[in-house]
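**Q** Keeping the supplied structure of chain A fixed, place chain B upon it in accordance with the hints.
So you can see what is in the structure, the chains are spelled out below.
Number of protein chains: 2
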Amino acid sequence: MSDLPLPITSAPSREELAARLEAVRAGMADRDLDCFVCFDPVNVYYLTHFANEVHERPFILVIEPTGVPVMLVPLLELTHVQERARCELEFVVYEEFPAPPGRNWHDHYASLIDPQARVGVEPAMPVGIAAKTPGLVVVSDLLEEVRLIKTAYEIGRTVHSCQIINLGHQRLLERSHPGVTVQALAAEASQVMVARLLQDIPGANRIVTTVRAVIWPPSISHDPHLVPSPTTQLEPGGPHVTAVWGQVDGYGVELERTFFLGHVPDAARKPFEVMMRARARAYELCVPGTNMGQIDREVKQVLVDGGFGDRRPGAGGILHRTGHGLGITGHEAPYLADGYDRELQPGMLISIEPGIYIPGLGGFRHSDSILIDDQGPVTLTQAPDTMDDLLLPA
Amino acid sequence: MSDLPLPITSAPSREELAARLEAVRAGMADRDLDCFVCFDPVNVYYLTHFANEVHERPFILVIEPTGVPVMLVPLLELTHVQERARCELEFVVYEEFPAPPGRNWHDHYASLIDPQARVGVEPAMPVGIAAKTPGLVVVSDLLEEVRLIKTAYEIGRTVHSCQIINLGHQRLLERSHPGVTVQALAAEASQVMVARLLQDIPGANRIVTTVRAVIWPPSISHDPHLVPSPTTQLEPGGPHVTAVWGQVDGYGVELERTFFLGHVPDAARKPFEVMMRARARAYELCVPGTNMGQIDREVKQVLVDGGFGDRRPGAGGILHRTGHGLGITGHEAPYLADGYDRELQPGMLISIEPGIYIPGLGGFRHSDSILIDDQGPVTLTQAPDTMDDLLLPA
Chain A
1 MSDLPLPITS APSREELAAR LEAVRAGMAD RDLDCFVCFD PVNVYYLTHF
51 ANEVHERPFI LVIEPTGVPV MLVPLLELTH VQERARCELE FVVYEEFPAP
101 PGRNWHDHYA SLIDPQARVG VEPAMPVGIA AKTPGLVVVS DLLEEVRLIK
151 TAYEIGRTVH SCQIINLGHQ RLLERSHPGV TVQALAAEAS QVMVARLLQD
201 IPGANRIVTT VRAVIWPPSI SHDPHLVPSP TTQLEPGGPH VTAVWGQVDG
251 YGVELERTFF LGHVPDAARK PFEVMMRARA RAYELCVPGT NMGQIDREVK
301 QVLVDGGFGD RRPGAGGILH RTGHGLGITG HEAPYLADGY DRELQPGMLI
351 SIEPGIYIPG LGGFRHSDSI LIDDQGPVTL TQAPDTMDDL LLPA
Chain B
1 MSDLPLPITS APSREELAAR LEAVRAGMAD RDLDCFVCFD PVNVYYLTHF
51 ANEVHERPFI LVIEPTGVPV MLVPLLELTH VQERARCELE FVVYEEFPAP
101 PGRNWHDHYA SLIDPQARVG VEPAMPVGIA AKTPGLVVVS DLLEEVRLIK
151 TAYEIGRTVH SCQIINLGHQ RLLERSHPGV TVQALAAEAS QVMVARLLQD
201 IPGANRIVTT VRAVIWPPSI SHDPHLVPSP TTQLEPGGPH VTAVWGQVDG
251 YGVELERTFF LGHVPDAARK PFEVMMRARA RAYELCVPGT NMGQIDREVK
301 QVLVDGGFGD RRPGAGGILH RTGHGLGITG HEAPYLADGY DRELQPGMLI
351 SIEPGIYIPG LGGFRHSDSI LIDDQGPVTL TQAPDTMDDL LLPA
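The listed protein sequences derive, respectively, from chains A and B. Residues 1 to 394 in this note's numbering are what the first sequence lists, from first letter to last. Residues 1 to 394 in this note's numbering are what the second sequence lists, from first letter to last.
One chain only, chain A, in its complex shape (with noise of 0.2 Å):
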């Protein structure tokens, strides 16, 4: 196995950003475009380091082949936006949302692209700003593509959002007895996780900042997506599922283990094998070179072969893929799912997390954040994984 890259947590260089830009630049060259506009926050973080949270006002980023970036922000955060980029930008300020005719974010939008250039622009662009983007309006997932391979900076921050995590997911697992609230599981774990953010990088950006903590008790631990209530207690036996997410200062990464607490039902050991044997496959197949699709199709079928492949809506069973990708969110491309039809490379970020879902019994799911090496797999996320290490007290 390969040695972890170490952790980084400084603020990305002008050197970094221009690099992204640059690939983007590549890319709309490719792509014939004469202009790419980004809406979506989590791009325009990956470029500029400036986040902002969506509201009405926009925030557009004006991308042309050579030449500064333009950005069409509201006069209420151009000084947000100077404070917080870290790349060379132009500004073209708007008074506010909305305004009087002629002084709207889109009277000033429309003469910064030319009418007749080629403009990408992003799936995620809100249908309202596509239809008052000027020119022949293509959409592109460029920026998807440009992220889908990390840069040595992008691996640093990573490793070092899951030593956040690791050590909430810890705490979670030492404070976690019958009858406890995910509550305050949660917040336990949040502080330690927060402690330890701060220390690190006391200047921490808020909007990108986000720790959190959840368990899933046995009787809802078959509903992944379920958000239990804060009051929801843990109770004996399993499986419980956890789930630790972080957005560490810009860079999204999970942890998530099945455990037990004081006794493993009969009917919980063969699933928790099984899903096991599954996860060893994932393992197994994540080297470059390999087709994410074919990966999954692989590990479904050892879910199948074991004997839980329901597919059945409502019959749990086999609910979701192998796993995603990691970035500046915790869910993104790369995805390794039947039907994503690409080869896994070096530098991308991924969890790994096949998964069975058996109503009236529970989940059985472990994720981790990995990091694909020119080897095959590096596990940047640490915690237990056996049954023997996650049977825990009563």
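Errors might be hidden in some of the hints.
[Stated by the list, open to error] Computed spacing ranges between beta-carbons, pair by pair: (1) A:Arg-31 with B:Thr-151: 31 to 37 Å; (2) B:Glu-145 with A:Val-54: 17 to 23 Å; (3) B:Thr-231 with A:Asp-266: 47 to 53 Å; (4) A:Arg-342 with B:Gln-233: 24 to 30 Å; (5) A:His-55 with B:Glu-273: 27 to 33 Å; (6) A:His-55 with B:Thr-231: 23 to 29 Å; (7) A:Ala-29 with B:Thr-151: 50 to 56 Å; (8) A:Arg-31 with B:Gln-233: 44 to 50 Å.
Hints were generated in silico from the structure; no laboratory data involved. The structure displayed is predicted, hence computed values, not measured ones. Backbone N, C-alpha and C define an ideal beta-carbon position, used for all residues, glycine too.
**A** This is chain B only, laid out in the frame that chain A set:
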């Protein structure tokens, strides 16, 4: 002044949600739409009480003039929606994102809508989803319109949300001293808010529940959207500006104050007083029937007459409108903004928050969450507002 409506903490009744759906259908008829498609999770929550976080797997709600609305959901989330939604829904389930050809979300979506239909979509719908919407796509603010006037239930929920943030704000002011970090204060205020929130609503949905408490010390309070780093410390003097925001189980509100620690700098007295005069003018003007653009113009005139009318980018002065709507989000229509040519009506919820920003001195803004009733403004948030009451011991 009118009596405060009673707080409500229960989930919406089926009748409440049915009335909202009927309002959407009436709007569809007015706009000659055969179908309306909701993607924005705020609108989906408004109509169903199901909350989701946007990621790559879309949830799409298809509403026709009669019959049960259809929701396109990922397999992973079916039971989640069934558990949370409080209205009748039919489901069309897709396997995963992405999926093999013929089994993707858009393959199912294509069959849900008549290709001859006039289909309303929200301005916030991503262009990547709009592009896969069958029929003639019409961008429409119908849902924004329907949400402008609140029901008695929504008003009761909002009264409760304000009770929660009142507590957090009180704690912020109690614990503010020079040298205390923004993070420590945020943690204390959040704790008191979360404790009360869970006492009142033990089953609060985490996806639509967030409380935040921030203070801008005077060195940065002139930059109202530059969220301070967590390690930022309060300073002697002022103006400090607080912001407590809560989305309390789905209902968003805010409370903000300008305060001083130990002494009031001489230069701060006049802008505070002019801000208070503008605020008083806003309260006078906020009666049903008044044009909201006109309110903003008259309130800003008070700031201009007071000598704080600069609007040049980077110069400070007036940076934003007088107020915005509140609802599921804390930032939505209607707007007290020049150019928003519409009358204030009973049942609207708005913030009133004229502000003055002076680089080198700081920001001056109070914000309250306000109900407009038949008589005028009813202030739902509570905190001291005079300079005497906001001069706290250092």
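**Q** With reference to the structure, classify each hint as holding or not holding.
**A** Structure-based check of all given hints:
no.: 1; hint: A:Arg-31 with B:Thr-151: 31 to 37 Å; verdict: 48 Å, violated
no.: 2; hint: B:Glu-145 with A:Val-54: 17 to 23 Å; verdict: 20 Å, holds
no.: 3; hint: B:Thr-231 with A:Asp-266: 47 to 53 Å; verdict: 51 Å, holds
no.: 4; hint: A:Arg-342 with B:Gln-233: 24 to 30 Å; verdict: 48 Å, violated
no.: 5; hint: A:His-55 with B:Glu-273: 27 to 33 Å; verdict: 30 Å, holds
no.: 6; hint: A:His-55 with B:Thr-231: 23 to 29 Å; verdict: 26 Å, holds
no.: 7; hint: A:Ala-29 with B:Thr-151: 50 to 56 Å; verdict: 53 Å, holds
no.: 8; hint: A:Arg-31 with B:Gln-233: 44 to 50 Å; verdict: 48 Å, holds
This entry does not satisfy hints 1 and 4, going by the numbered hints stated previously.
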